[in-house]
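All chains, full assembly: derive it from the sequences and hints.
If you're matching them up, the sequences are chains A and B in order.
Just so you know, we're using full-length UniProt numbering here: the first sequence kicks off at 1 and counts up by one.
Just so you know, we're using full-length UniProt numbering here: the second sequence kicks off at 1 and counts up by one.
Among the hints, erroneous ones may be present.
[To be verified] One side only, chain A facing chain B, incomplete, derived with CB under 7 Å:
hint, residue
1, Gly113
2, Leu124
3, Leu294
4, Leu298
5, Pro302
6, Ser451
In short, the hints are calculated from the structure, not lab data.
For every residue, glycine included, the Cβ atom is placed at its ideal position computed from N, Cα and C.
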Amino acid sequence: MNRRTPLIIFALVMAAIPFIPGVPPFWIVLLNNIGLAALVAMGLVLLTGVGGLTSFGQAAFCGFGAYTTAVLTTAYGVSPWLTLPLSLVVSGIAAVLLGIVTVRLSGHYLPLGTIAWGIGLFYLFSKLEFLGRNDGISGIPPLSIGNFRMLDPGTIYFAIWIAVLVSALLTMNLLDSRTGRAIRALRRGHIAGEAFGVQTPRAKLLVFVYAAVLAGLSGWLYAHFQRAANPTPFGAHAGIEYLFIAVVGGAGYVWGAVLGAGIVVILKEILQSYLPYIFGGQSQLETIVFGILLVVLLQLAPTGVWPWLMSRLPIQPGRRMPDASLPLATPVRAQASSAVLLQIEKARKQFGGVIAVNDVSFDVRAREIVALIGPNGAGKSTTFNLITGVLTTTGGTISVLGNKVDNAPPQDVVKLGVARTFQHVKLVPDMTVLENVAIGAHLRGSAGAISSMLRLDRADEAKLLAEAARQIERVGLGDQIDQLAGSLSLGQQRIVEIARALCVDPLLLLLDEPAAGLRHMEKQRLAALLRQLRDGGMSVLLVEHDMGFVMDLADRIVVLDFGTKIAEGTPDAIKTNPDVIKAYLGATA
Amino acid sequence: MNTTIMLFLLQDGITNGAIYALLGLALVLVFAVTRVILIPQGEFVTFGALSYAMLATGQVPGTAKLAMAMGVVAFGLDLFEARRSLRPRRVARAVALNIALPAAIMALTYGLAGPKTPIAVNIALSLLIVAAIGLFLYRIAFQPIAHTSVLVLLIASVGCHLALQGLGLVFFGAEGLRGPALSNTALTIGPLRFTGQSLAVYGLTVAFIVALWLFFGFTLMGKALRATAVNRLGARLVGIRTTLSGQIAFLLASIIGAISGILIVPITTLYYDTGFLIGLKGFIAAIIGGLVSYPLTAVAALLVGSVEAFSSFYASNFKEVIVFTLILPVLVLRSLAAPAVEEEKD
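And the structure:
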């Protein structure tokens, strides 16, 4: 079954509904409300479910969209179609301004911050004279095409649902692209993405603005549907409700937004119309029942209804296999001004009074496997973080091919041809192996968000996926290519990280405990792969605790203990070095 | 402007700020222990305040029945959870906590409520009722999903807020209520008149800040609560009952909320939905305090109260706008100062 088929069927059904004889006009109004809410929730899916940025303030962006068109059409007589881009731009600009402040907040500051400015903006809407204060603005002209005026719910229905379907299509296109992978990686923290060149603050701002523009579109439609705008639908409670919709539907799924909007809007309607009969006209009972139902629903299905439904479908969507023969151009790198690949001179890192790395110097030359070993807490991973720019050095210099990199951000270090894996695996568990590995090729593609939404990125995208597929095949995980990364064993996940790093087409590969969790045969396969990479011209710097593995593989070994280099030499020299034996086994050994 | 007006505004701001400080402290407490951002904190305020106001008129507030009903639901959940090992002791404990306790509170309320009941008894009854509601709220709504993400907890918290606010309308009606003052003494210093009420506000706020600081810094239970906040699994492994920690946090938060309500209901008329806005201003203070520091939260709350008082004098229309956008510069500063720490998300 084609991936587009369900969408086309859904679009046809939605288009047919108004023409079914006997459909009550009230249902159409409900469907309009569902569509309007789904638009906002779809932005939240991208922002919250996928990007991990919780916002309670989306209703305020609807307000920007609605008031922009309300003011321009009533006070200045501008055509509603001209105000559409303006509404979107105003919401977008507001989002940029708020987003610059907001998206840098971490954890729980973010949702709380959005509640605060959401309420602030609500009061602003209700107090400003030119927005009509609490009464708002009425008499907004309807949308019209020629002489056809969309006066009744049945006609604007089409405008609303075309907007929903187009937005859903664009959003799904965006998620299934180079930019989309960067967005989907956001929720798992920024270090992994940045190590492969993702500009995380920019990606966060992008989803924030995208969500706001969708909310602005919903606001614009709302204003022309109701033909009036007042502050109430743009307040804190509305903002909270949109987030509900996204979470109830399934916060990570585009269609979850539409489903959630349907559930919430219809549920509220049913509660409002039937509860008074059951309980004898008590007011506000629907909020009580609504609140209780919400808590119950979350306890039963914390991930939302859409994924719950999908997992019960008999037909699972098929995966597309990338064409692994498409070539991807090798990246252009800075000119080398030294024959030594990696040069570390007196690198130092202090955390307060603790010296994690104490004036360590060593180098890695071309076509060489160097192992960095030492007892736990010796400063090996800290050294990796210094090389890749995750941490800034307290002193000393680090250079790659003669270009100083110290304290450059990770996104710049990777451009020099240094790729890494992590001691604690940093994959996106709900993305496939292929998608995870393709993040490694992020810098080798160029398609941006807009071309991804419009599907102009397909040639670029196919090459990236082809490269990812080749690297997966190379590390021997070809059979797992379309499995979710989170379903693999820990050892396999480490191998996926190596494939991701290989997608950078690196000169130097930094591997942090690659053999941990591997079985004997897998370790031998890994050692063979690393030798093959070295013979192909790549250098490897690895941290590893499995001494058999290290001694067999490494050309040279650097030993750290308590942040200080205590020995350096060939495996045979290290095996008999008294300082190393003392560090590992104690003084009397 | 003259100094007298300024002093008046400042006094007004500090009184309101003290209330926000109390609420901010409760929010920080609950978040730190359970990761729940407690939106229903505002309902604890209105429930406490309006129960007290109704008791003062001699009526029994509906919240007493709510506590009983929530107790029954909690009892059902306890039994369901323990269905495989229904030992008599366990059942007896569940009955005592979930049935006997709210029943006793309800009986006391019905027995003592009347037009001549002393203020102190009314306060005690209101506190008992709201404390029971807080305790059962955690048991019913949050304990089953205690392990989920902050976002899911937040949405559940919003659900609780909606349900409780709706119940507030049923119990107290759409009309606002005022309660009698705690004391009618007053003290005049220069142009300023300090009522016994505002002095009680200051005194209780300071007392709570000191008490929380002592509790979390110097008692084993306080340290256990903090440990739960940092790592639930780790806390359980060393024998801390994380469920108990959550219950204690909610109990404290509901008591603090109810006290705040009782303190302000003689000063301003409260409606069933006033609590939400008051709670949110406590939030602003808590956010400025970074959701971790009690003294900083208290200082921030005084700042919020003062800004509110001054802006209601100069630009009363934009009072709320100013208070809620106050958070933006703070967030900017925080985001500039915040180091790029990797968050391990579940």
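Numbers of the earlier hints that this structure fails to satisfy, in rising order
The structure conflicts with hint 6 only, although it agrees with all the remaining ones.
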